[in-house]
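Q: The residues making up each chain are set out below.
Number of protein chains: 2
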Amino acid sequence: MAAPTCSIDALEAFGAALFTAAGMEADKATSVARLLVRTDAMGRRTHGLAMAPLYLAEIAKGSMRVQGEPQIVRDTGLTAVWDGDYLPGLWLMERALGVAMSRAAEHGLAAIALRRTHHIGCLAVLVKLAADQGFMAQIYNSDPAGRRVAPYGGTEAVFTPNPFAIGYPGAEHPVLVDICASITTTSMTRQTHAAGVQFEHPWLLDAQGVPTCDPAVLEHTEPRGSIQLVGGQEYGHKGYGLALMVEALSQGLSGHGRLDGPTRWGGNVFLQVLDPDFFAGRDAFAAQMDHLSERCRSNRPIRADRPVRLPGDQAAAGLAQAEADGLQLDDATWQQLAACADRLGVPLP
Amino acid sequence: MAAPTCSIDALEAFGAALFTAAGMEADKATSVARLLVRTDAMGRRTHGLAMAPLYLAEIAKGSMRVQGEPQIVRDTGLTAVWDGDYLPGLWLMERALGVAMSRAAEHGLAAIALRRTHHIGCLAVLVKLAADQGFMAQIYNSDPAGRRVAPYGGTEAVFTPNPFAIGYPGAEHPVLVDICASITTTSMTRQTHAAGVQFEHPWLLDAQGVPTCDPAVLEHTEPRGSIQLVGGQEYGHKGYGLALMVEALSQGLSGHGRLDGPTRWGGNVFLQVLDPDFFAGRDAFAAQMDHLSERCRSNRPIRADRPVRLPGDQAAAGLAQAEADGLQLDDATWQQLAACADRLGVPLP
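Top to bottom, those sequences are chains F and R.
According to the numbering used here, the first sequence holds residues 126 to 474 in order.
According to the numbering used here, the second sequence holds residues 126 to 474 in order.
To be clear, the hints were calculated from the coordinates, so they are not data collected in a lab.
Worth double-checking, as some hints may not be accurate.
[Stated by the list, open to error] In silico contact screen, one side only, chain R against chain F (beta carbon under 7 angstroms); selected entries:
hint, residue
1, THR280
2, PHE403
3, GLN413
4, HIS416
5, ARG420
6, PRO426
7, VAL433
[Said to hold, decoys possible] A few chain R residues that don't get close to chain F, going by computed Cβ distances all over 10 angstroms:
hint, residue
8, ALA138
9, GLU150
10, VAL224
11, SER312
12, ARG389
13, LEU444
[As the list claims (entries may be wrong)] Some chain F residues near chain R, calculated using beta-carbon distances under 8 angstroms:
hint, residue
14, ARG199
15, LEU203
16, ALA238
17, PRO327
18, LEU369
19, LEU378
20, ALA412
21, MET414
22, ILE427
23, ARG431
Even for Gly, the Cβ is constructed at its ideal location relative to N, Cα and C.
Model the full structure from these sequences, guided by the hints.
A: Here is the structure:
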């Protein structure tokens, strides 16, 4: 079945209907569906509606909670710890960002550490929510149930890829940095393995710590290998430092992590919102950063056909196009969604 | 002249005497000397007392101010912007960390953006000041007068290496992550060039954007090349993201940066202190992070003779050894220091 081109609104309504049919409360279903569709529109297809069948499977086995509120473990007004109890991660993050933004607007900065969220999806989409309103937002994310990345010089996986993101306002659209501590990610490795191909570069280590292009070493050999840290064997102490930074912020501050040995797919998060108006001001911030963006965009490129871009440029272009022309998912994703819709009695858009 | 082995106290007093003789106020001279000697003890010799002759030269030409206070551009209680007016960076940072720590102890977190500091030295030494007292500290640093790193896909240097650091308490000593957005640094490139050798890997780009091991391209060819971003040509979008993150925090928030076209050696900083007691608590933080550290240290190493370490382990060992046995600088540094001492009429230790 070929995927049709649908409007963003239609896809959002479809996604929300799927989650609602699976028992999710309406506000959560709407939030998750909207953010997944925005993720697709911004070009991050692995983390868009392709996630919905996985989320629905988690709901079916009781691993993603669909009703209720996070538990507020601690709240001092500027700092907080929430226990997400495996509620939908995108909804939790949208709510936490909203709280942090209102506090940052009053005090200049605010931070929330979250433990036991379900999957929080694409970080760039989340920091954009704050950057669109003039804030600078940072998100650090790890999953203490996952082990895919070894410490520098080691052979046994300890960390997840540990993504982190920063978003800040730009002249036409926000700058959205969304990177991680390892060279590649779990989903890229799975995709590469599923496609039956090798990575172009040795981005993994086998169980002996030998660099390899073979994605099978991550989950299909015993003993298992690992994904290489940013910097690989040459300067992997840098990726190691990033991995530790993300774990300290997301697990240390939330007081939950690998020590607890969780086994459910989930996440720990540290999120922070800063308001430039409590520093040198939004205008001064914009003047500096727009000048920097211009110096990057006008930089003489290595390849004439590949101008230098800012992270966030592609996302903005994709979003504008999807808003104008609608969005077409890939056929494989569409087939999976159609099967879910059939099972749940939800009409296709 | 061979460098003698001196006690840490003797080296600190010697350093302070040099700066005082050059006109620096006593509190500043003491702070800068103490932090430089600690840097040496922690093994970061390029940023230790080897910096003193450079600082003294800056003082002599009026480029480092030696008296006075930073200007408080803005202060909301939790967020602040300071103009350092090119006062000694280490002293400014020690003071800013002290202010941020006392505020974080009261509110859970505090941030200060600094513009126009002089060189702030080794970030690991600075975050250690806060981590030793149970805080988590983050420092992001750029120099808008420097251009050594090009945006990903570009050929013209725009950024400095943009170091950043995070320090947090550990069971025996703090974990100290101190890394940057580029593969190598300006000082490593200068050292390599001065030694007349090449890098082992192509960590630079020539002016056309071709990877090269030749350190000369950074400052000794026209047009100049650049230092490669973390990730190089394979995944340099990650280093690019880090570079932008550091610029946004240190220049955007302080409202001063490349737009102003400064030409003096200096720095912009964003520093933040978090108190784990305002999140899940210091005990919970320690339990999680010490467990993680143990899993790293006990990780089966790739090479049996190279056990996995935590960043900060070497620094702690070096500091303990220097405290017990004293410290011997390298002969070249000692000769430069002795020449400064002779000129300023300061006795050698």
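Q: Hint by hint, which ones does this structure get wrong, listed from lowest number up?
A: The structure conflicts with hint 17 only, although it agrees with all the remaining ones.
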